[in-house]
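Got chain A sorted already, so can you dock chains B, C and D onto it with the hints?
Note that the protein sequences, when read in sequence, are chains A, B, C and D. Residues 7 to 362 (this note's numbering) make up the first sequence, in order. Residues 7 to 362 (this note's numbering) make up the second sequence, in order. Residues 7 to 362 (this note's numbering) make up the third sequence, in order. Residues 7 to 362 (this note's numbering) make up the fourth sequence, in order.
Bear in mind the hints are in silico, worked out from the structure with no lab data behind them. Any given hint could be a false lead.
Copies of the same chain are indistinguishable here, so a pair counts whether it falls within one copy or spans any two.
No farther apart than 30 Å at their CA atoms in a straight line, the calculated lysine-lysine pairs in the DSSO-like style are these [said to hold, decoys possible]:
1. LYS174 <-> LYS51
2. LYS217 <-> LYS174
3. LYS51 <-> LYS217
4. LYS211 <-> LYS174
5. LYS51 <-> LYS211
These numbers come from a predicted model, not from an experiment.
Read off the chains here:
There are 4 protein chains.
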Amino acid sequence: MSQQIEVGVLGATGMVGQQFIAQLAAHPWFRLTWVGASERSAGQKYRDAASWRLPVAPPADLADLVVQEARPGNGAPDLVFSAMDASVAGEIEEAFARAGHVVVSNSRNHRMAPDVPLLVPEINSDHIALIQTQRAARGWSGALVTNPNCSTVFLAMALAPLRQYGLKSVIVTTLQALSGAGYPGVASLDAVGNVVPFIPGEEAKIESEPKKILGSLERGQVVPHPVVISASTTRVAVVNGHTESIAVQLEQQPSLDQVRHALVSFSGAPQRHNLPSAPSQPIVYLHEENRPQPRLDVDRDGGMTVTVGRLRTCPILGYKFFALGHNTVRGAAGAAVLNAELLMAEGVLASPVARG
Amino acid sequence: MSQQIEVGVLGATGMVGQQFIAQLAAHPWFRLTWVGASERSAGQKYRDAASWRLPVAPPADLADLVVQEARPGNGAPDLVFSAMDASVAGEIEEAFARAGHVVVSNSRNHRMAPDVPLLVPEINSDHIALIQTQRAARGWSGALVTNPNCSTVFLAMALAPLRQYGLKSVIVTTLQALSGAGYPGVASLDAVGNVVPFIPGEEAKIESEPKKILGSLERGQVVPHPVVISASTTRVAVVNGHTESIAVQLEQQPSLDQVRHALVSFSGAPQRHNLPSAPSQPIVYLHEENRPQPRLDVDRDGGMTVTVGRLRTCPILGYKFFALGHNTVRGAAGAAVLNAELLMAEGVLASPVARG
Amino acid sequence: MSQQIEVGVLGATGMVGQQFIAQLAAHPWFRLTWVGASERSAGQKYRDAASWRLPVAPPADLADLVVQEARPGNGAPDLVFSAMDASVAGEIEEAFARAGHVVVSNSRNHRMAPDVPLLVPEINSDHIALIQTQRAARGWSGALVTNPNCSTVFLAMALAPLRQYGLKSVIVTTLQALSGAGYPGVASLDAVGNVVPFIPGEEAKIESEPKKILGSLERGQVVPHPVVISASTTRVAVVNGHTESIAVQLEQQPSLDQVRHALVSFSGAPQRHNLPSAPSQPIVYLHEENRPQPRLDVDRDGGMTVTVGRLRTCPILGYKFFALGHNTVRGAAGAAVLNAELLMAEGVLASPVARG
Amino acid sequence: MSQQIEVGVLGATGMVGQQFIAQLAAHPWFRLTWVGASERSAGQKYRDAASWRLPVAPPADLADLVVQEARPGNGAPDLVFSAMDASVAGEIEEAFARAGHVVVSNSRNHRMAPDVPLLVPEINSDHIALIQTQRAARGWSGALVTNPNCSTVFLAMALAPLRQYGLKSVIVTTLQALSGAGYPGVASLDAVGNVVPFIPGEEAKIESEPKKILGSLERGQVVPHPVVISASTTRVAVVNGHTESIAVQLEQQPSLDQVRHALVSFSGAPQRHNLPSAPSQPIVYLHEENRPQPRLDVDRDGGMTVTVGRLRTCPILGYKFFALGHNTVRGAAGAAVLNAELLMAEGVLASPVARG
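Only chain A is shown next, with the shape it has when bound in the complex (with noise of 0.2 Å):
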């Protein structure tokens, strides 16, 4: 346990926050010794200042955990994560940032930011070069990093194997879960018996942030990919995992076979790594007719693998498919910490432990 190294949640109250707690709960690097929130949580313990909505139990050291205003200065470990709402991550962020914190952050505000690594990776782990040109433009002794749109992960991960064939254009319809949109998020009069085809911001999201992750760093820069993507958004009765329906144009013209296999022997950094939340095949592809299915496919690998299904000729634009996530593992807290594990393993982070 000496060996672990200390980490704190900002936004640690809320729904995402909690998502985090989850996932480091049993953490073999990072041991949870922090939790920062807003001015009007901060002095209360900590299973007073949330209302817990998780079926597993937060862990029981955490309840009694003090929790802090959500500031540079009050104690908190080099390494924070940040579950913050977008309305307020963006200053304090840098903040912490700016104060000399590595901030990893599931936070929308600054993934777009030329100077910030967006993350997803098994596809841009060399994007924490990014580092570097935001530590010179803003003079800052941490570092931020991020994490893309739920929604953005699964797809980005499903079309990172098809570079090789030169990725034109995508159009993907997404039928995203509830749990996507935090507690209490939808009414459930919107939800049971019903689909919304609308979901706020997200359309937009999911057709600029892929061109990013998947863009090449070319002297401190992304440049982004050049591929075209068109995004329909709608919200299922699902409790956890985006299903997306996804048509793919590329310049060359692969046969089904070969697309299948670039699909799941795609890997990267996190299982050359071998970090503790890789899965060991990021893509699984199921053969059934009628996969991938949220309630039966969304946790496998603890909720770190993309799931596709279903590869088929699109007469229109060459290949369409179907990928599934969890929305708030891979697509979120987990996609975070994964995070963190490769900036340790890369030497961003100092690392507490020798690792085979």
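Frame of chain A; chains B, C and D shown alone:
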């Protein structure tokens, strides 16, 4: 009442048959006097033969009607609706048409036969001229007309007004309701909190049927429309109402306002003839950013309207929007009843009433 | 139309207010000409002030109606329905009654006041005599009548026919629909695939309100019925329709057939007066072993009927059965409209029309 | 691994059989080496014979196991679990017990036989002495033990700690999950947005089985507990987890605190023996006013705990509360596995390992 014509329903005890019965319950032109089903049910009173599963109670006088075996010569009236399962519909429908009945079918068996009209009356009422071809080729004194698959109806309705701009290609992902699969149909464990990304046979129908519906009649034959369609289908936990996420490529570049205008001003033979089941406006466009929704929009105009929303620019195909329709009404029983009304208004069936 | 009387709705922009508007849309006696809401909404057109959330569209002429502030003297008609939130209903309703209006309220605030009728017209239409007591005690020229909590209505309806056998005690567990909690109401994460075994304040209402409703009027006062009720309430993923599992102890021992007969033959003032919203048979008994069900039975007779099934022997209390009612119709807006109809039929309000 | 004993599963391809396999996947004492099913499946590899429907994948080595016909003499190990359908379980289980196998069954067929233990190990581990009676009466060298119906388990668990206060009568309404009905089981149209107030045969089981479980063993026979139970059962749209609304009458009048203490301090043979599947605390009481809930509480302690909440005074029977349990774990496969562990710990089966 004496002015009504008598009609029958083939496959009356099943789920689709029940929907026909509900649709005909208070019909001003048609009076249901004959119900046909399999040998197993024949001879029983309808109330004993059918396990009624709709919220509206069956008509009181129907309950005592004796179920006949589904073959010509059992007192079946001239006009019969077919709600039979595809496993038996083929031969039985042919037998009835050969014996002089006008068969208005919801079954898939004959939809794509070159001499069988596949009707969406607002779009291709002129296709009833195929009946001449059909009678000549088959030597039938009766006739057989069909309505499309449920998802096809809503897609074809939304595309028809855009033919003027040159329909090139369409990518559609459907979120389909449970009632489309009949009873018991989809297992509850596959539906509650889940999405199933597959519906057997559905994508092929959606990709082919609209080409025939939107096609033009030339010298007694339908020349299919050249539009290319790519479909992905999913089943979601909705009782009634298929939602479709549609992207369309056109040859011309109308403005979004022009497209919207084309949709809401779309109208055809049912409106011209003022048919009893015809919606006054076949396509309603909603400007709210989160519509259409099954819970709020599926029953508009008795379920005969297609509701469209969220029209916006698609960076790949040009246009994208959502459409919604009631799958067991406009997509099945209501579609067939509207077809029968069209046949009467166009003189294929002798009309018992004067219509204004 | 000139024979209709004008009515208003207090709290017209909220969810319950919308249900009142839907209920009044095609009413033969009442014409909605006035809508009142909070200061914040006052002055706006109804279409701008309200976020309409019901499947049926609001009446066209309502959309342009200007919302008035909810206080007497803004042109409110003599008869006003109250759909106000309990946090404000108390004082405002009193102000209207004091100013001479007849207030027909769905709010809970005054239900248990000794001089306020708590009406289920089939059961206790004679309780409107309390209005005399009320006017004498409070010096009001108007009047205030209330309808019960939704779950109470269905329970009281099912118990009323059994009073003849001596009601002793009742244990009830409810499975309540989401629409009862308004909008946004229950969070979807609490509803989808879940049961919440608690509804704030609900059990106390169910345990007390029926005693008043079933009570007898003696010398201008209601003597509560001595029945003892024990309630447990749950929220389930149903849109409309509360299901109740009811066990009853009676002083006498009628046969199950006698109990069934008492239920189905139950009738009262609404049927006698042939009120527009009155169901022809207030309680329908279904003999199928798996009924009543919300999906199949909630809309019976426009949602004004209570459906009962599965009557059987309880080895502890003697009798048990299930009852179902539409919570926003018979349990709220429809109940209030029926109350107003009763007041007209009984001469408390001057009737504009001759009724057969 | 060599210390594990080999076990088989009868009815291994069905839904309950799959739950057994999942429950045994990483068991420290038992190794699944034999799967039996109907003649139709016999001879096929398990992967081909079974349509796997659980979220967790089946063990890799199971997939290649060849399914045997479910009769003695096919290499079945000494200990076999029975997940067979009640239509065939009766004779086959008897044949195995006669042939010397210890049969641990989840099927209902022999539960109420006087010489067959109906076990909830925390409550009546002493009932395994019935095996002597059974062997004497039937001349079997093996043995047959059973676990109760799912709803019974949770009710019996919640009642057992109250026996000390004199259990007199119980009224229970259940809200049962879909997984209890197997696959395809409940039709989705009966589940989504609905409640079905009936489950075939369920109420009779809940009213009778607890009397045997809570009964005392006297001279080799179980004397049923005199408690009188009245059950009403419903099916709701929950995947896993039966919720029960329970009212209890006791001879004595313990305080609510005493009842709560009795519940949370309840413990029995599984805890004494520290059995692998035993929850450390069989009954957990939650103080939050809206618990237990299936979504949040069903998986506590691997699904082996019963969660209770909302204990309060019932004005009729004295006490009322809600209980929740995992129907396919503590209510089925997990219950049977715990029974087998008990048999080993008590020496009915030779134990392969030393236990602390």
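Open item on the list: Within, between, both or neither: how does the pair LYS174, LYS51 come out at a Cα-Cα threshold of 30 Å?
Closed with: This pair counts as neither: shortest intra-copy Cα distance 52 Å, inter-copy 44 Å.
Task: Same-copy or cross-copy closeness of LYS51 to LYS217 [CA-CA at most 30 Å] - done: This pair counts as neither: shortest intra-copy Cα distance 42 Å, inter-copy 45 Å.
Open item on the list: My question is about LYS217 and LYS174: at a cut-off of 30 Å on alpha-carbon distance, are they close within one copy, between copies, both, or neither?
Closed with: So LYS217 and LYS174 pass the 30 Å test inside a copy (11 Å) and across (27 Å) alike.
Open item on the list: With identical chains, the pair LYS51 and LYS211 could be close in the same copy or across copies; at 30 Å between alpha carbons, which is it: within, between, both, or neither?
Closed with: neither (36 Å within a copy, 35 Å between copies)
Task: Alpha-carbon proximity context of LYS211 and LYS174, limit 30 Å - done: both (18 Å within a copy, 28 Å between copies)
Of the numbered hints stated above, those contradicted by the structure are hints 1, 3 and 5, listed in ascending order.
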